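Engineer: Spelled out from the first residue to the last, the chains are:
Protein chains: 2
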Amino acid sequence: MKKLLLIPLLLAAAPTPPAAPKPAPSPNEIVAAAPATDWVEIAASDLLIMDLAADAKGRSRRVVIQLMPAPFSQGWISNIRKLAAAKWWDGTSVNRVLDNYVVQWGDVTEKKALPDGLVTVPEAEYDAEVPYVMLAIPRARPVMELNAYPNPAEDTYVSTSMIVDGWPVAMVRRPKRKGERWLKGENFYDRMWPTHCYGMVGVGRDMPPNTGSGAELYTVIGHAPRHLDRNIALVGRVIEGIEHLSSLPRGTGALGFYEKAEERVPILSVRLASEMDTDKPLPRFEYLSTESASFAQYADARANRRDPFFIKPAGGADICNIPVPIRRSTKLQTLR
Amino acid sequence: MKKLLLIPLLLAAAPTPPAAPKPAPSPNEIVAAAPATDWVEIAASDLLIMDLAADAKGRSRRVVIQLMPAPFSQGWISNIRKLAAAKWWDGTSVNRVLDNYVVQWGDVTEKKALPDGLVTVPEAEYDAEVPYVMLAIPRARPVMELNAYPNPAEDTYVSTSMIVDGWPVAMVRRPKRKGERWLKGENFYDRMWPTHCYGMVGVGRDMPPNTGSGAELYTVIGHAPRHLDRNIALVGRVIEGIEHLSSLPRGTGALGFYEKAEERVPILSVRLASEMDTDKPLPRFEYLSTESASFAQYADARANRRDPFFIKPAGGADICNIPVPIRRSTKLQTLR
Numbered sequence: 000m001k002k003l004l005l006i007p008l009l010l011a012a013a014p015t016p017p018a019a020p021k022p023a024p025s026p027n028e029i030v031a032a033a034p035a036t037d038w039v040e041i042a043a044s045d046l047l048i049m050d051l052a053a054d055a056k057g058r059s060r061r062v063v064i065q066l067m068p069a070p071f072s073q074g075w076i077s078n079i080r081k082l083a084a085a086k087w088w089d090g091t092s093v094n095r096v097l098d099n100y101v102v103q104w105g106d107v108t109e110k111k112a113l114p115d116g117l118v119t120v121p122e123a124e125y126d127a128e129v130p131y132v133m134l135a136i137p138r139a140r141p142v143m144e145l146n147a148y149p150n151p152a153e154d155t156y157v158s159t160s161m162i163v164d165g166w167p168v169a170m171v172r173r174p175k176r177k178g179e180r181w182l183k184g185e186n187f188y189d190r191m192w193p194t195h196c197y198g199m200v201g202v203g204r205d206m207p208p209n210t211g212s213g214a215e216l217y218t219v220i221g222h223a224p225r226h227l228d229r230n231i232a233l234v235g236r237v238i239e240g241i242e243h244l245s246s247l248p249r250g251t252g253a254l255g256f257y258e259k260a261e262e263r264v265p266i267l268s269v270r271l272a273s274e275m276d277t278d279k280p281l282p283r284f285e286y287l288s289t290e291s292a293s294f295a296q297y298a299d300a301r302a303n304r305r306d307p308f309f310i311k312p313a314g315g316a317d318i319c320n321i322p323v324p325i326r327r328s329t330k331l332q333t334l335r
Numbered sequence: 000m001k002k003l004l005l006i007p008l009l010l011a012a013a014p015t016p017p018a019a020p021k022p023a024p025s026p027n028e029i030v031a032a033a034p035a036t037d038w039v040e041i042a043a044s045d046l047l048i049m050d051l052a053a054d055a056k057g058r059s060r061r062v063v064i065q066l067m068p069a070p071f072s073q074g075w076i077s078n079i080r081k082l083a084a085a086k087w088w089d090g091t092s093v094n095r096v097l098d099n100y101v102v103q104w105g106d107v108t109e110k111k112a113l114p115d116g117l118v119t120v121p122e123a124e125y126d127a128e129v130p131y132v133m134l135a136i137p138r139a140r141p142v143m144e145l146n147a148y149p150n151p152a153e154d155t156y157v158s159t160s161m162i163v164d165g166w167p168v169a170m171v172r173r174p175k176r177k178g179e180r181w182l183k184g185e186n187f188y189d190r191m192w193p194t195h196c197y198g199m200v201g202v203g204r205d206m207p208p209n210t211g212s213g214a215e216l217y218t219v220i221g222h223a224p225r226h227l228d229r230n231i232a233l234v235g236r237v238i239e240g241i242e243h244l245s246s247l248p249r250g251t252g253a254l255g256f257y258e259k260a261e262e263r264v265p266i267l268s269v270r271l272a273s274e275m276d277t278d279k280p281l282p283r284f285e286y287l288s289t290e291s292a293s294f295a296q297y298a299d300a301r302a303n304r305r306d307p308f309f310i311k312p313a314g315g316a317d318i319c320n321i322p323v324p325i326r327r328s329t330k331l332q333t334l335r
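In order, the protein sequence lines correspond to chains A and B. As numbered in numbering that gives the first Met the number 0, residues 0 to 335 make up the first sequence, in order. As numbered in numbering that gives the first Met the number 0, residues 0 to 335 make up the second sequence, in order.
Do not take every clue at face value.
If chains are identical, the list can't say which one is meant, so a pair holds when it fits in one copy or spans any two.
[As the list claims (entries may be wrong)] As a list, the in silico DSSO-like pairs of lysine-lysine whose alpha-carbon atoms are at most 30 Å apart:
no. : residue 1 : residue 2
1   : Lys311    : Lys81
2   : Lys177    : Lys110
3   : Lys56     : Lys81
4   : Lys21     : Lys86
5   : Lys177    : Lys279
6   : Lys259    : Lys56
7   : Lys175    : Lys311
8   : Lys177    : Lys311
9   : Lys81     : Lys175
10  : Lys279    : Lys21
Bear in mind the hints are in silico, worked out from the structure with no lab data behind them. Bear in mind that the values here come from a model prediction, so they are computed numbers and not experimental data.
Next up, chain A with everything else stripped away, as it sits in the complex:
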């Protein structure tokens, strides 16, 4: 087959010298070229808008958070919707900034009464069952295997990471059940959970079995602290304005807490975009469908950089090094 193809290629090449090969596109170029149909709009009811007090130069600081879809963390997320509706965060503050770790906000006094109707979510909801359809129709692609430390043979914790429906997710293999027959290379998973990547938003809590209400939130501003996975609830991610949190001065107290009241950044308001009382239409946001051909090409390019700056493609990428592309849509949110 190869030999047969060789002849026409040589003939074709003979008359004119071959054109210089087009350089391989960068991940950003692939995203920029993705067709409009590959982008998925994020519902306004899943956007949490946090307005901080203006900075020292009087510039406004808005942070936009996308809440996570079912089956993840829905108990905490329902609390967060209630807290936003009750305007509970208005007048609270950003209280903790620990370098290469997290920025945390909420009520520093820990005495502000919570609104009625919040639920207490059990630890069991730090992860979720893998739906059968996800296994039967594997649209997601595994990106990394995190093997056990120090001895893979001794401690067989193995998780597989995937980016599915726009979110980074890890899942754990389950052991073979009695009488079950698996085909060679076949694996089954039973539990899955979102992963602590840069910009992910989680729920601060006290010592277990406390799981937090959702009133105390943090976002990751450093290398993915994956040891927090399945130990704290993740509820969303910052999709715009993370620099208003990540570039804050680091706290000098224990765990990065600010020691002086004037260091804290006041929170003016936190609202769902769908419930905001505003005259100005809000921007809409959309993410690159992680099930699209564009995303597959983007993820492959993140793992194997072939654009001209690079000389050695890595041949792999961990799940937090393939951030899901998110952008402002050209459409504006309709007003309520």
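Assemble chain B onto chain A, guided by the hints.
Structural biologist: Here is chain B on its own, set in the frame of chain A:
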């Protein structure tokens, strides 16, 4: 053996009810308890001290960088020593801050003449040969296997990460040579390189085959950009004061460059600690020997958190999630 031990334990436990089990120590507690003999001093000649202009409140900003040992990047590091000795960075600036990526500094005009005697380092020095002694006496422990994306079977790039002699290092397996016999489970490595973890310092460069002189430097302020491994030279890491870089306002220009001159942070001076002209003794620094029992315990605890806050140990940690503990020593640097 186990059975013999069981009896005295049961006997000992019989008279009094067992005391509540002592909670497992956290990684920080393990580091705090490490004996003085497990700490290794960093030579003053390997410390690069960068003083930035004072901040808006008049507070001084000092960044301390530890340069990497042989066999890594020694050509670039010899250039950096010459640039510091020539006071070349004095009057240059921090020019670029890209969120979740890097902070970069050097001569923004790109016109400042470099001192004589700098070497041009070839791309081949982005990695180094694995010394036989490291394979024969595996003091380092592998922490992660980064498998290929999208299909491990198709693209068999596999690297093993280790923390060795105080530094995070990846190495790549080499294929079996003709006639060679490997024992079951045996692997051989030929090339190794330092990894782009948070706080690592690298050499900015133009398009390949340019490899950079060392005059333009950056540090990582986000999730480990491992795709840069073997594509850019790493020369060290920030061991104190990274918050003076990571909390700078993000640049609004392309690639995070500052658009206005007044946004740039002036660099007052960059010197080797061993060549500093100062009346005040400088602090000394030491790292927790990565070959010590304390480090093994610390790394295990990072991978398997058992301290009371945690309910599910991760069972693994990637190499950039086991930062090497570094602290000020109680001793002061002697003055020159």
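Engineer: Going through the earlier hints one by one, which of them does the structure break, listed in rising order?
Structural biologist: Per hint list: 2, 3, 4, 5, 9, 10 violated.
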